[in-house]
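Student: Which chain is which? The protein sequence lines are W and H, in order.
Our numbering applies: residue 236 is where the first sequence begins, and numbers increase by one.
Our numbering applies: residue 6 is where the second sequence begins, and numbers increase by one.
Hints in this document: simulated from the structure, not taken from any laboratory.
For clarity, every value in this text was computed on a predicted model and none was experimentally measured.
Incorrect hints may have been included.
[Stated by the list, open to error] Here are the simulated BS3-like cross-link-like pairs (lysine-lysine), alpha carbons at most 27 Å apart as the crow flies:
#, chain 1, residue 1, chain 2, residue 2
1, W, Lys285, H, Lys121
2, H, Lys34, H, Lys121
3, H, Lys45, W, Lys285
4, W, Lys325, H, Lys77
5, H, Lys45, H, Lys121
6, H, Lys45, H, Lys34
[What the hints assert, rightly or not] Restraint-style ranges between C-beta atoms, simulated for each label pair:
#, chain 1, residue 1, chain 2, residue 2, range
7, W, Val258, H, Ala90, 30 to 36 Å
8, W, Arg319, H, Glu37, 44 to 50 Å
9, H, Glu98, W, Pro276, 35 to 41 Å
10, W, Asn238, H, Ala117, 51 to 57 Å
11, H, Val23, W, Tyr241, 27 to 33 Å
12, W, Val258, H, Glu98, 25 to 31 Å
13, H, Arg119, W, Gln240, 26 to 32 Å
14, H, Ala8, W, Arg278, 56 to 62 Å
15, W, Val303, H, Lys45, 52 to 58 Å
16, H, Val86, W, Tyr246, 29 to 35 Å
[What the hints assert, rightly or not] Interface residues of chain H toward chain W, partial, derived using beta-carbon atoms under 10 Å:
#, residue
17, Gly41
18, Leu44
19, Thr50
20, Tyr53
21, Arg55
22, Phe57
23, Ala65
24, Leu66
25, Ser79
26, Ser95
27, Cys97
28, Phe101
29, Ala102
30, Val111
Built from N, CA and C at the ideal position, the CB exists for glycine as well.
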Amino acid sequence: MSNEQYLIVSYFLVGGLSIVIGVAAYAYLRRPFEGLSRAFPNRNFASLLKRLLPAGLVLPALAGFLSVSYQGCNQNYASIIADRSYLIGKNQEQVSAICFFLMLAVLAWGIVVFLSLLSRPKGPRRGAPQEPNRP
Amino acid sequence: MDASNVAGFVILLALALVLAWVIQALVSKNLEGLLGEILKLPDGTTFYARCFSLGLFLAALAGALGTNFTLKPSDPFMEYVWKVAGGLQSVCEYFFAFLLAYLVLVTILAAALRAKHEQ
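Can you build the whole structure from these sequences, using the hints too?
Tutor: Printed below as a string of structure tokens:
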């Protein structure tokens with residue numbers, strides 16, 4: 236396989252991998268997040284967050300992949316594809332950036348859940364038996 | 006990439022993952038107890054515990070994969086050791102950043118929700 240073929244194949248493979256990693260993170264967090272969203276104050280807000288969770292994990296992973304540039308200072312296409320170890324290093328950098336961006340996204344979702352729980356009204360939860368009205 | 010570089014990379018990756026597993030094993034029980042106490046929601050405890058383990062392993066992978074092994078086969082053994090050590094430093098920095106952010110989050114969570122429960 237020539238270096239140019241390697242560049243094309245590895246670029247699209249790592250791009251696909253970023254989506255797979257984002258979806259895997261979503262699958263790991265989906266069930267507890269759905270259970271937790273029942274405690275959120277507003278049903279529409281809960282369903283909005285549930286729908287945003289996959290995008291909020293896949294897009295940062297994709298952003299991490301796209302954040303790595305092959306073109307440094309004074310580097311043209313020919314010099315990029317001349318060195319196989321440079322291409323491998325860039326692939327590693329892309330996967331590293333995917334993991335880093337996803338880590339930041341997980342922390343950001345932790346903050347979102349925290350703020351949602353903070354705005355939860357005190358008192359019996361929806362569906363819980365309520366106390367009879369006092370005179 | 007020759008076999009020595011691959012071996013160095015695999016050793017670094019294994020060390021990073023083992024370090025993440027050790028940190029998780031050390032704190033997971035107490036963290037779940039704390040989260041259960043402050044959140045009083047089983048799903049909330051699971052969510053934050055999973056965020057912790059996921060973030061920790063992502064930090065390990067981000068640190069280890071960011072290190073590029075481009076040594077020559079003729080390079081001395083200690084060059085490989087220093088390269089692995091440099092990668093481990095990066096892994097530790099990612100761990101530190103993640104743990105710091107998570108700790109701040111859990112501290113604010115505990116303070117705010119405890120104050121709310123006491124109202």
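Student: Which hints from the list above does the structure break, by number from lowest to highest?
Tutor: 13, 15, 17, 25, 27 and 28
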